[in-house]
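2 protein chains.
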Amino acid sequence: MKLKSFSHLNCSLAQSLEIIGERWTLLILRDAFFGIKRFDAFQQSLGIARNILSARLVRLVEEGILEKRPTEDGRHEYVLTEKGLDLQPVLLSMTHWGDKYGAGPEGAPVVFIDREKGEPIASMAVHASDGRVLRTREIKAVKGPGYYKDSQA
Amino acid sequence: MKLKSFSHLNCSLAQSLEIIGERWTLLILRDAFFGIKRFDAFQQSLGIARNILSARLVRLVEEGILEKRPTEDGRHEYVLTEKGLDLQPVLLSMTHWGDKYGAGPEGAPVVFIDREKGEPIASMAVHASDGRVLRTREIKAVKGPGYYKDSQA
Numbered sequence: 002m003k004l005k006s007f008s009h010l011n012c013s014l015a016q017s018l019e020i021i022g023e024r025w026t027l028l029i030l031r032d033a034f035f036g037i038k039r040f041d042a043f044q045q046s047l048g049i050a051r052n053i054l055s056a057r058l059v060r061l062v063e064e065g066i067l068e069k070r071p072t073e074d075g076r077h078e079y080v081l082t083e084k085g086l087d088l089q090p091v092l093l094s095m096t097h098w099g100d101k102y103g104a105g106p107e108g109a110p111v112v113f114i115d116r117e118k119g120e121p122i123a124s125m126a127v128h129a130s131d132g133r134v135l136r137t138r139e140i141k142a143v144k145g146p147g148y149y150k151d152s153q154a
Numbered sequence: 002m003k004l005k006s007f008s009h010l011n012c013s014l015a016q017s018l019e020i021i022g023e024r025w026t027l028l029i030l031r032d033a034f035f036g037i038k039r040f041d042a043f044q045q046s047l048g049i050a051r052n053i054l055s056a057r058l059v060r061l062v063e064e065g066i067l068e069k070r071p072t073e074d075g076r077h078e079y080v081l082t083e084k085g086l087d088l089q090p091v092l093l094s095m096t097h098w099g100d101k102y103g104a105g106p107e108g109a110p111v112v113f114i115d116r117e118k119g120e121p122i123a124s125m126a127v128h129a130s131d132g133r134v135l136r137t138r139e140i141k142a143v144k145g146p147g148y149y150k151d152s153q154a
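In order, the protein sequences belong to chains A and B. For the first sequence, our numbering gives the first residue as 2, with consecutive numbering after it. For the second sequence, our numbering gives the first residue as 2, with consecutive numbering after it.
So here's chain A without its partners, still in its complex pose (with noise of 0.2 Å):
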């Protein structure tokens, strides 16, 4: 059975999904953000099936979230392009949100840490242009310039 798709529902949120939207994807995500970029190291480290990983890759490549890129030794590397580091927040807001309902009572088993100050980075969150920490009641959602009848948020 084929996933419906959502696409034509017209929302930032679903087109997303379209894209990254699997989990795999996400978890071949986090590790390019570790540095990892050979097939053969995503392999090992996700103990993923290889035409899975495959065809993950291959849509991140068309997607523009990676860069296949040749190597010296004649084989190639994934590489994240400027709009895959754009996914840095989804990662980490999903990572945060873990470490708070999900993980055992010791804590995160990874934190990330402002290089400059050395310091764990703030919790992610939604912020006002002016900085301050906003919830969900203090948010509302209008119509963008995007908007045509049929959309949905």
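If you're looking for bench data, these hints aren't it; they were derived computationally from the structure. Treat the hints with care, since some could be wrong.
Since the list gives no way to pick one copy over another, a pair counts as held whenever it fits inside one copy or between any two copies.
[To be verified] Simulated crosslink set (SDA-like; lysine to any residue; CA at most 20 Å straight-line):
| hint | residue 1 | residue 2 |
| --- | --- | --- |
| 1 | K101 | A126 |
| 2 | K144 | D115 |
| 3 | K69 | A123 |
| 4 | K69 | S46 |
| 5 | K141 | E117 |
| 6 | K84 | G105 |
| 7 | K69 | D41 |
Bear in mind that the values here come from a model prediction, so they are computed numbers and not experimental data.
Since the structure of chain A is provided, determine the placement of chain B on it from the hints.
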């Protein structure tokens, strides 16, 4: 074929994906953030098969992300818990990424506004504890208190 479980990976991202890493689930949550509470309203909004919607709602209630509450008319509604509300950075990070890379030339279909100031919220980003926006190379990962030998970040 069953999806391989990521829970053994001791990774907060993987743990989050175990729970919310399914595309319908995030769209159900999107609708919940937009105020949808009734089964039939979710069904109508998403055009999702009733059995799939039912299974996803059960899971979200089990995970403590939605609360199932009886209503005066003898039916039920589904309301975001605190744990569910804490997913807003995940959804908005995906939405902003989709706005940037997936929206048409007109721009974002929906814009999120800070009610107090009436201005769009800040772009979802990773922040240092002092509020600076951090790019990927300004962040490093270190072992946290919950790290153990076989951990993967």
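Can you name, in rising order, the numbers of the hints this structure does not satisfy? 3
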